[in-house]
Every structure is written in structure tokens, then in C-alpha cells.
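Working from the sequences, and respecting the hints, build out all of it.
Those protein sequence lines, which keep their order, are chains A and B. Going by numbering that gives the first Met the number 0, the first residue of the first sequence is number 0, and it counts up by one from there. Going by numbering that gives the first Met the number 0, the first residue of the second sequence is number 0, and it counts up by one from there.
Take these hints with a grain of salt, some might be off.
Put simply, identical chains are the same to the list, so a pair is met inside one copy or across any two.
Stated by the list, open to error - Here are the simulated SDA-like pairs of lysine to any residue, each with C-alpha atoms no more than 25 Å apart in a straight line:
id: 1; residue 1: 200; residue 2: 179
id: 2; residue 1: 30; residue 2: 108
id: 3; residue 1: 18; residue 2: 60
id: 4; residue 1: 200; residue 2: 17
id: 5; residue 1: 76; residue 2: 186
id: 6; residue 1: 200; residue 2: 219
Worth flagging that the hints you see were computed from the coordinates, not collected in a lab.
Chain by chain, the residues run as shown.
There are 2 protein chains.
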Amino acid sequence: MDEIRIIEVKQSVFEDNDKDAEMLRAELKEKKTVLINLMSSPGSGKTTLLLGLARRFKERLRLGVMEVDIDSAVDAKTMLSAGVDTIQIHTGGMCHLDADMTRQGLLELGFEGYDLVVLENVGNLVCPAEFDTGAHFNMTVLSVPEGDDKPLKYPLMYETCSVLVINKVDVLPYFDFDTERVVANARMRNPEIKVFFVSAKTGQGLDELAEHLLERVNAHLTE
Amino acid sequence: MDEIRIIEVKQSVFEDNDKDAEMLRAELKEKKTVLINLMSSPGSGKTTLLLGLARRFKERLRLGVMEVDIDSAVDAKTMLSAGVDTIQIHTGGMCHLDADMTRQGLLELGFEGYDLVVLENVGNLVCPAEFDTGAHFNMTVLSVPEGDDKPLKYPLMYETCSVLVINKVDVLPYFDFDTERVVANARMRNPEIKVFFVSAKTGQGLDELAEHLLERVNAHLTE
Numbered sequence: 000m001d002e003i004r005i006i007e008v009k010q011s012v013f014e015d016n017d018k019d020a021e022m023l024r025a026e027l028k029e030k031k032t033v034l035i036n037l038m039s040s041p042g043s044g045k046t047t048l049l050l051g052l053a054r055r056f057k058e059r060l061r062l063g064v065m066e067v068d069i070d071s072a073v074d075a076k077t078m079l080s081a082g083v084d085t086i087q088i089h090t091g092g093m094c095h096l097d098a099d100m101t102r103q104g105l106l107e108l109g110f111e112g113y114d115l116v117v118l119e120n121v122g123n124l125v126c127p128a129e130f131d132t133g134a135h136f137n138m139t140v141l142s143v144p145e146g147d148d149k150p151l152k153y154p155l156m157y158e159t160c161s162v163l164v165i166n167k168v169d170v171l172p173y174f175d176f177d178t179e180r181v182v183a184n185a186r187m188r189n190p191e192i193k194v195f196f197v198s199a200k201t202g203q204g205l206d207e208l209a210e211h212l213l214e215r216v217n218a219h220l221t222e
Numbered sequence: 000m001d002e003i004r005i006i007e008v009k010q011s012v013f014e015d016n017d018k019d020a021e022m023l024r025a026e027l028k029e030k031k032t033v034l035i036n037l038m039s040s041p042g043s044g045k046t047t048l049l050l051g052l053a054r055r056f057k058e059r060l061r062l063g064v065m066e067v068d069i070d071s072a073v074d075a076k077t078m079l080s081a082g083v084d085t086i087q088i089h090t091g092g093m094c095h096l097d098a099d100m101t102r103q104g105l106l107e108l109g110f111e112g113y114d115l116v117v118l119e120n121v122g123n124l125v126c127p128a129e130f131d132t133g134a135h136f137n138m139t140v141l142s143v144p145e146g147d148d149k150p151l152k153y154p155l156m157y158e159t160c161s162v163l164v165i166n167k168v169d170v171l172p173y174f175d176f177d178t179e180r181v182v183a184n185a186r187m188r189n190p191e192i193k194v195f196f197v198s199a200k201t202g203q204g205l206d207e208l209a210e211h212l213l214e215r216v217n218a219h220l221t222e
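Structure, rendered in C-alpha cells:
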């Protein structure tokens with residue numbers, strides 16, 4: 000049956016990828032660069048969030064960004080015009096980035112110069128969670144309009160992320176979104192997950208998120 | 000390199016799947032059942048939209064629904080409690096449904112009794128668009144909070160769908176979403192795409208969408 004064949008192939012791909020990811024993490028450690036893998040559904044506001052964080056990281060660390068999409072360069076243009084060093088990666092139709100593609104992107108960016116590189120993955124709650132990119136940790140964004148049931152439907156995304164950002168809290172009054180339920184749903188998948196409520200648009204909550212990320216980046220840099 | 004190996008394997012899987020999809024369409028024609036493949040990002044409102052359409056189809060056609068998710072049965076429960084015949088399909092972690100999995104679902108549902116079956120695919124703008132499920136046509140939902148740039152980033156989704164539903168128009172005032180730009184972006188991918196602006200929550204626009212779908216279902220049934 001077709002689906003079993005796919006799963007077998009993916010298995011060996013996963014194993015190869017895990018080795019690549021470990022190698023990449025070792026290289027990053029040597030070059031003193033921390034890598035964060037940022038994931039979400041399409042349109043959750045990853046790019047606007049990154050812009051807000053970049054503003055808060057200024058003077059505190061050197062940031063590089065890798066925008067990943069199947070097509071277009073709209074996000075990279077947005078980041079560049081805000082003065083953030085950014086490259087655009089196209090996946091050639093693929094729904095995720097693996098560790099080898101991530102390394103190619105890092106070399107293109109010239110990652111030695113950066114304390115932190117953020118990889119903005121393809122907008123997708125399924126495939127990106129399956130591939131270790133070599134990042135030090137994964138962060139996922141869930142926006143209020145998407146609904147509080149997403150951790151029930153996409154378990155692996157929440158299991159593999161240590162930070163959950165609930166974005167677009169400025170529109171909470173217009174949606175049936177329960178802030179306690181979403182935390183409970185996410186903790187069902189990952190009891191340790193750190194949850195931040197923010198509005199990338201208004202800036203609400205971004206200072207706390209930026210502080211948390213700076214602490215973690217510094218912890219990795221001084222390891 | 001890993002990514003080339005994946006693409007080759009996918010190619011043969013696609014070819015096998017295309018044959019399965021054609022066979023399934025022939026079977027559906029014989030049984031006089033139309034199949035629609037409904038796709039979108041996570042949280043675009045596919046299930047609420049389907050509920051609204053089901054209400055409008057009542058007394059006019061016999062509807063069956065197949066809810067597809069990686070985990071949970073929240074959508075199937077919602078549909079069932081509204082009196083719509085529904086089964087839940089779990090993909091075992093996979094990001095899409097292929098034609099063979101769709102056939103298994105249809106057999107489980109007992110599709111002979113239905114004029115129309117709607118397959119609510121996994122919330123994902125990438126993988127589901129790559130696999131022909133055997134449906135007569137594909138419909139995609141894009142909700143206002145996701146942004147009007149999605150057709151630029153996810154070309155195949157818009158190329159493979161003949162109906163685009165812009166959902167959550169009730170929250171247009173709270174988001175920077177250009178209704179003309181989204182249509183232009185979608186038509187760049189597919190000049191023939193039919194676009195409907197609706198709010199599944201308030202019911203706005205659902206009558207016209209339901210009429211359009213009924214016409215197309217009837218056209219297929221009398222072919």
C-alpha cells in the first residue's frame with residue numbers, strides 16, 4: 000500500500016537528517032551562533048513577530064534571519080527593509096526544511112557573524128515539526144483567529160517546541176478563543192512548554208518574550 | 000543529497016496516486032456521488048463553513064462528510080452533533096490524504112447513499128495540494144486573518160482549486176487585508192478561480208456559495 004511505502008522512505012530520511020542536525024548543532028556551537036527554528040500555520044504572524052523582536056534585540060545581539068517559503072520573497076523584503084540581515088530560501092515545492100538545507104542557508108547568510116539566527120520555516124503545522132533543522136530550540140506561533148484547538152489536531156508541533164507564542168491577542172474580543180483552554184491543550188502535548196501571549200501588531204507582550212529569548216540565547220552562548 | 004532523493008520517491012508515489020484517483024472518480028461516477036476536496040490552513044474555518052453549507056443543502060441533496068486530521072475528533076463531533084453524517088479519518092501523522100486513503104474513507108462512510116461527499120482535508124497549504132484525492136473538484140478556504148499574500152507563497156494550492164472561499168469577512172475591519180489584492184494574487188495562480196467572500200460565522204455570502212456548489216454537483220450528477 001502506498002502510505003506504508005512513504006512512511007518507510009521517510010524513516011530513513013529522518014535518520015539521515017538527525018545525524019545532519021547533530022553535526023550542524025556542533026558547528027554552530029563552535030562558531031558561537033544560536034539557531035532558533037520558528038514555525039506556525041500560514042498567516043500566524045511570524046514575520047511581524049520577528050520584526051518586533053529584531054527591534055528589541057538591537058544593540059543586544061547580532062541577528063540574522065532566514066526566510067523559508069515555497070515561492071515569493073515578500074517576507075525577506077519586509078525584514079530587509081526594516082534593516083535586518085535576511086536571506087530568502089525557496090524549498091522547491093517542499094513543505095519543510097531539513098538540516099542540510101538549513102546548513103546551505105546558513106553558509107549563504109554567512110552565519111559566523113551572528114549571535115542568533117532565526118529560521119522562519121514554511122507555514123505548516125505538520126511537516127516542519129517532523130524534521131530537526133539543527134536548531135537549538137523550536138518556537139511555534141498560534142494566532143487567536145486559528146482557534147484554541149490546534150494542539151489537539153497537530154500534536155507533534157507542540158511536542159517539539161519549547162516556546163509557544165499566542166499571537167494577535169488584540170483581536171481576542173472578536174473570536175471564540177479560550178486562553179486557559181489553549182494553554183491546557185498545549186500542556187497536554189508538552190507539559191514544559193513556555194507560553195507567551197502577545198500582539199506582534201501592537202507590541203503587547205513582546206518585551207517579556209524578547210527577554211526570555213535573550214536569556215536562552217545567552218545560556219547557549221556561554222555553554 | 001537528501002532532498003533530491005525525496006523528490007524522486009515522491010514522483011513515483013504521485014504517478015501511482017494519479018492512477019488511483021482516476022479509478023476512484025470512475026467509481027464515484029458509477030455510484031452517482033460527487034466528491035469535493037476542501038483544503039485550507041489550520042483554523043481557516045472549514046468546519047464552520049461546512050456546517051453552514053450543510054444547513055443550506057438540507058432537503059436538496061444527501062450529504063456525507065469525511066473529516067481528516069492527524070489526531071483528535073473535534074471536527075467530526077461538531078458535524079455529527081449538527082446532524083450531518085460524518086466519519087473521522089486519522090492520517091497516522093501524514094500531512095495529506097491520497098486517493099487510496101480517500102477510497103478507504105468512502106467505503107467506511109458507505110458513499111453509495113450520498114449525492115455529495117465533502118472531504119475536509121488536513122489543515123495545510125502544501126502537501127494536500129500535491130495529491131489528487133479523486134475528487135471532482137477542489138475548494139480552498141483563506142481566512143482574512145491569514146493575509147492576502149497566501150497565493151504568492153503557496154502557488155500549487157491555488158492552481159489546483161477551482162473555488163476560493165475568503166472566510167471571516169466579518170473581521171475585515173480589524174485586519175490589513177485587501178480584498179482586491181487577494182483576488183489578483185489568486186488569479187495570478189489560476190485565472191479561472193471562482194472567488195466567494197463569506198463569513199461562516201454570520202452566514203454572510205453562504206447562500207451564493209451554496210447555490211454555486213449545488214449547480215456544480217448537479218452538473219456532475221447529470222453528466
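The hints, checked one at a time:
no., hint, result
1, 200 / 179, "both (22 Å within a copy, 23 Å between copies)"
2, 30 / 108, "within (14 Å within a copy, 56 Å between copies)"
3, 18 / 60, "neither (29 Å within a copy, 54 Å between copies)"
4, 200 / 17, "neither (36 Å within a copy, 43 Å between copies)"
5, 76 / 186, "between (35 Å within a copy, 22 Å between copies)"
6, 200 / 219, "neither (29 Å within a copy, 46 Å between copies)"
Violated hints, listed in ascending order, are 3, 4, 6; each of the other numbered hints is respected by the structure.
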